[in-house]
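Novice: In case you want the letters, here they are:
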Amino acid sequence: MSKEKKPNSRRRFLSGALTSLAIPVVGVAAQSNYSAGSIAAGDTEIQSIPQNNSLKLSLARADIPISAWGTLSEVGKVWDDLLFNKFARAEFFRDKNAYLSARGVDPKLISADDSNIHLLNAIIDPEINQYAMNSDYEGFIFKLTNLGVLSNRDSNGIQKALEKILAEDNRIIEEFKKNNMNMDLSKLDLNNFAESDEFESLRSILLGESFEGIQDLSETSYSIFLVAGIVVAIAVFVVAYVSVGTTATLALMLGAFISVAVSTVVVASETPEPPEVEESIRNGTNKEQVIKPKIPNEIKTLNMLLDLDVDYKLQTERALRLAALLGNDHIVKVGTMKTTKEILSSIFLALENVGLIKLGDNLKPAINAAHLYVEKVVFNTKTN
Amino acid sequence: MELPAYIHPEFLKIFPSTMTILVTYGCTAACEQCCFESNPSIKHRLSLSQIKESIDAAKVAFPALKLVVFSGGEAFMLKDDLYEAVRYATSLNLKTRIVSNGYWAKNKERAKEIMATLHGFGLSELNLSTGLDHQKWVNESTVFNAAEASLSLGVSTLVTLELDSSESNCLENFISNERYKPMNKNEKFSLINNSWMNFQENAEERQQLSEMSFNSLRGGCSQVFDNLVVTPHNNLSACCGLTLEHIPEIRLGSLNDSKLWDLYAAQLEDFLKVWIHMDGPFTIMEKLLGKDGMQYIGEVRHICEACAIMHKNPKVITALTENYEKFVPDVLSRLSAKVSLSNFERTIVQQGLPS
Numbered sequence: 001m002s003k004e005k006k007p008n009s010r011r012r013f014l015s016g017a018l019t020s021l022a023i024p025v026v027g028v029a030a031q032s033n034y035s036a037g038s039i040a041a042g043d044t045e046i047q048s049i050p051q052n053n054s055l056k057l058s059l060a061r062a063d064i065p066i067s068a069w070g071t072l073s074e075v076g077k078v079w080d081d082l083l084f085n086k087f088a089r090a091e092f093f094r095d096k097n098a099y100l101s102a103r104g105v106d107p108k109l110i111s112a113d114d115s116n117i118h119l120l121n122a123i124i125d126p127e128i129n130q131y132a133m134n135s136d137y138e139g140f141i142f143k144l145t146n147l148g149v150l151s152n153r154d155s156n157g158i159q160k161a162l163e164k165i166l167a168e169d170n171r172i173i174e175e176f177k178k179n180n181m182n183m184d185l186s187k188l189d190l191n192n193f194a195e196s197d198e199f200e201s202l203r204s205i206l207l208g209e210s211f212e213g214i215q216d217l218s219e220t221s222y223s224i225f226l227v228a229g230i231v232v233a234i235a236v237f238v239v240a241y242v243s244v245g246t247t248a249t250l251a252l253m254l255g256a257f258i259s260v261a262v263s264t265v266v267v268a269s270e271t272p273e274p275p276e277v278e279e280s281i282r283n284g285t286n287k288e289q290v291i292k293p294k295i296p297n298e299i300k301t302l303n304m305l306l307d308l309d310v311d312y313k314l315q316t317e318r319a320l321r322l323a324a325l326l327g328n329d330h331i332v333k334v335g336t337m338k339t340t341k342e343i344l345s346s347i348f349l350a351l352e353n354v355g356l357i358k359l360g361d362n363l364k365p366a367i368n369a370a371h372l373y374v375e376k377v378v379f380n381t382k383t384n
Numbered sequence: 001m002e003l004p005a006y007i008h009p010e011f012l013k014i015f016p017s018t019m020t021i022l023v024t025y026g027c028t029a030a031c032e033q034c035c036f037e038s039n040p041s042i043k044h045r046l047s048l049s050q051i052k053e054s055i056d057a058a059k060v061a062f063p064a065l066k067l068v069v070f071s072g073g074e075a076f077m078l079k080d081d082l083y084e085a086v087r088y089a090t091s092l093n094l095k096t097r098i099v100s101n102g103y104w105a106k107n108k109e110r111a112k113e114i115m116a117t118l119h120g121f122g123l124s125e126l127n128l129s130t131g132l133d134h135q136k137w138v139n140e141s142t143v144f145n146a147a148e149a150s151l152s153l154g155v156s157t158l159v160t161l162e163l164d165s166s167e168s169n170c171l172e173n174f175i176s177n178e179r180y181k182p183m184n185k186n187e188k189f190s191l192i193n194n195s196w197m198n199f200q201e202n203a204e205e206r207q208q209l210s211e212m213s214f215n216s217l218r219g220g221c222s223q224v225f226d227n228l229v230v231t232p233h234n235n236l237s238a239c240c241g242l243t244l245e246h247i248p249e250i251r252l253g254s255l256n257d258s259k260l261w262d263l264y265a266a267q268l269e270d271f272l273k274v275w276i277h278m279d280g281p282f283t284i285m286e287k288l289l290g291k292d293g294m295q296y297i298g299e300v301r302h303i304c305e306a307c308a309i310m311h312k313n314p315k316v317i318t319a320l321t322e323n324y325e326k327f328v329p330d331v332l333s334r335l336s337a338k339v340s341l342s343n344f345e346r347t348i349v350q351q352g353l354p355s
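The listed protein sequences correspond, in order, to chains A and B. Numbering-wise (this note's numbering), the first sequence opens with residue 1 and increments by one. Numbering-wise (this note's numbering), the second sequence opens with residue 1 and increments by one.
Just so you know, the hints here were simulated from the structure itself, not pulled from any lab data. A virtual CB, placed ideally from N, CA and C, is assigned to each residue, including glycine. Heads up, a few of these hints could be off.
[Said to hold, decoys possible] Short derived list, chain B residues pointing at chain A, Cβ under 8 Å:
no., residue
1, Ser333
2, Leu341
3, Ile348
Generate the whole structure from the sequences, applying the supplied hints.
Specialist: Pasting the structure below:
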């Protein structure tokens with residue numbers, strides 16, 4: 001075996017990381033065969049594979065019955081048949097156990113708790129397909145919940161997580177104060193807010209010169225959407241804070257995000273387009289071509305908050321991806337809009353609860369205004 | 001070229017989609033916390049013929065391959081050979097990306113010339129790494145020069161900024177720079193604030209991941225199986241993660257002695273690779289050790305750090321080797337389901353919904 005460069009004194013991060021956790025670690029001597037190739041000199045022959053790779057968990061040598069291998073080889077073919085062959089699908093739904101038994105596949109393997117398997121089961125489900133064909137969002141979600149693909153979706157987790165972050169870190173409150181943002185709006189009539197000095201102050205801070213671009217909106221929609229747009233912008237501001245996690249950049253991030261918000265208002269006439277195909281090459285991700293709903297940037301920003309509640313996020317993504325897979329733009333749009341509204345509600349409730357804003361009786365109207373903004377301006381929905 | 005019977009027959013229509021060629025570990029910078037300890041004294045590099053051979057082999061063996069990433073070390077140290085490698089990959093109908101610290105853009109005009117050459121050769125994307133450590137060697141202005149030159153030609157440009165320390169404000173400086181504003185309006189531009197993993201005990205602490213970022217660390221590793229990684233010593237690696245050179249088990253073998261396909265296919269017979277791909281180190285440790293597994297994660301900032309702990313911790317190693325067999329049917333069948341779903345999506349995109 002080739003001779004390798006001995007580990008130098010710098011290469012201690014692993015043992016350091018492990019000992020700091022008070023976990024027994026492999027001694028340095030035991031690791032020394034594995035010194036990094038990156039710092040080896042050009043003429044050093046690098047060990048291309050570890051000498052004794054105890055972590056190569058051989059499937060060939062695994063103590064697994066031959067019959068189990070047969071099942072595993074068949075699982076993918078079963079899924080393919082169910083996806084692409086309507087006769088196989090019909091046979092499957094006539095008698096699932098008989099169908100799987102004939103293919104030698106353990107039913108447990110196609111009902112495992114796994115996001116891909118949930119999606120596959122939903123794609124082939126006749127009722128789900130019917131709801132999608134009818135653009136029946138409520139029925140679609142109800143059936144998914146009934147099937148166990150979704151549990152009762154609840155965005156409370158986001159609100160609680162947000163409250164925790166904001167309550168534990170008062171820097172954001174300081175940042176608001178620094179920007180002269182008097183957020184006590186409880187005494188204001190929201191509908192008249194657009195005419196108030198407070199609004200003017202907020203407007204200049206949040207929108208600056210970009211404000212001019214949105215005055216083309218009709219007089220009636222102008223004030224309500226502007227107010228709603230601003231509260232949404234504040235929500236986006238909070239998202240920026242939570243995402244970046246540093247006050248130093250708050251004001252700057254605010255500028256960037258608000259410009260997104262404003263440009264969304266200005267170009268709000270564009271209805272979200274049908275799901276697009278995204279080539280996920282940026283991170284070398286594994287999805288090759290993935291169908292994803294095309295949604296406005298502003299909403300994408302807000303949706304970053306979904307990471308605060310992984311379960312809610314997974315469920316939301318699952319429902320929207322499924323709708324996209326079934327080719328139903330309407331369900332994608334309604335689902336995205338509904339999720340966005342839920343996130344906005346969570347943000348406002350959290351902000352109010354930690355005292356960052358004081359909307360009081362105006363809280364509900366503000367949330368409604370924000371929802372309306374999302375519906376009418378961001379998604380350009382014509383219905384009330 | 002056959003896959004094991006338990007691997008979905010359409011697997012190769014989905015994976016791997018990316019080849020990353022670490023052309024050298026040499027670098028014009030010598031960042032304190034560089035995962036590869038890259039520095040100017042490292043001269044070893046892949047030859048142009050080795051690079052082309054790897055691209056050829058990958059193109060022939062892997063129909064899903066779409067993108068070739070040239071990284072390092074500092075990829076631009078290869079100069080003309082890098083340009084030729086980009087041209088060559090493009091000629092094979094592959095997209096290309098270069099990851100760089102941007103040192104070559106000190107002079108604006110020269111930066112434009114270099115990017116014009118690369119653009120002419122088909123470069124799809126430029127990724128620029130900067131931040132507290134990087135800026136000790138390549139200043140912010142140079143990074144702006146590189147990004148502007150790239151964007152002026154319509155090349156997708158990503159700037160990756162290290163998370164700051166409590167004392168530093170590289171992110172704030174960057175986005176408050178006058179040159180950032182127009183750049184940020186360009187849809188081809190992206191900025192990410194990346195976690196920065198310390199590789200030395202005396203390292204200055206960086207800001208912690210926010211809770212939402214930490215949550216996003218869970219889940220399978222998108223690198224394993226999807227990324228063919230060629231290291232400067234012409235080894236094939238299962239990933240190009242930060243701890244790649246600290247986890248020998250990630251090395252798949254030498255391309256001097258073995259064929260690319262053989263080395264890639266061999267990892268499909270290693271259950272740990274399949275499991276990492278499907279569930280990632282966090283979930284593996286949780287499944288093996290229950291809630292106790294999470295104590296080993298500690299203050300991990302990066303999925304690669306968790307992966308290193310998983311490969312090094314004796315308790316985890318013992319649990320893995322003694323118990324992995326019972327997880328095999330579940331994990332392999334879920335991999336099949338994943339490939340089926342991806343293949344269905346791919347088919348819809350190309351042919352529309354089946355009747």
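Novice: Indicate, hint by hint, whether the structure satisfies it.
Specialist: Status of the hints after comparison with the structure:
A least Cβ separation of about 4 Å between Ser333 (chain B) and chain A falls short of the 8 Å threshold, and the interface hint therefore holds. With a cut of 8 Å, the hint placing Leu341 (chain B) at the interface with chain A holds, because the nearest CB-to-CB distance is about 5 Å. About 7 Å separates the beta-carbon of Ile348 (chain B) from the nearest beta-carbon of chain A, less than 8 Å, and the hint is met.
Every hint from the earlier list agrees with this structure, and none is contradicted.
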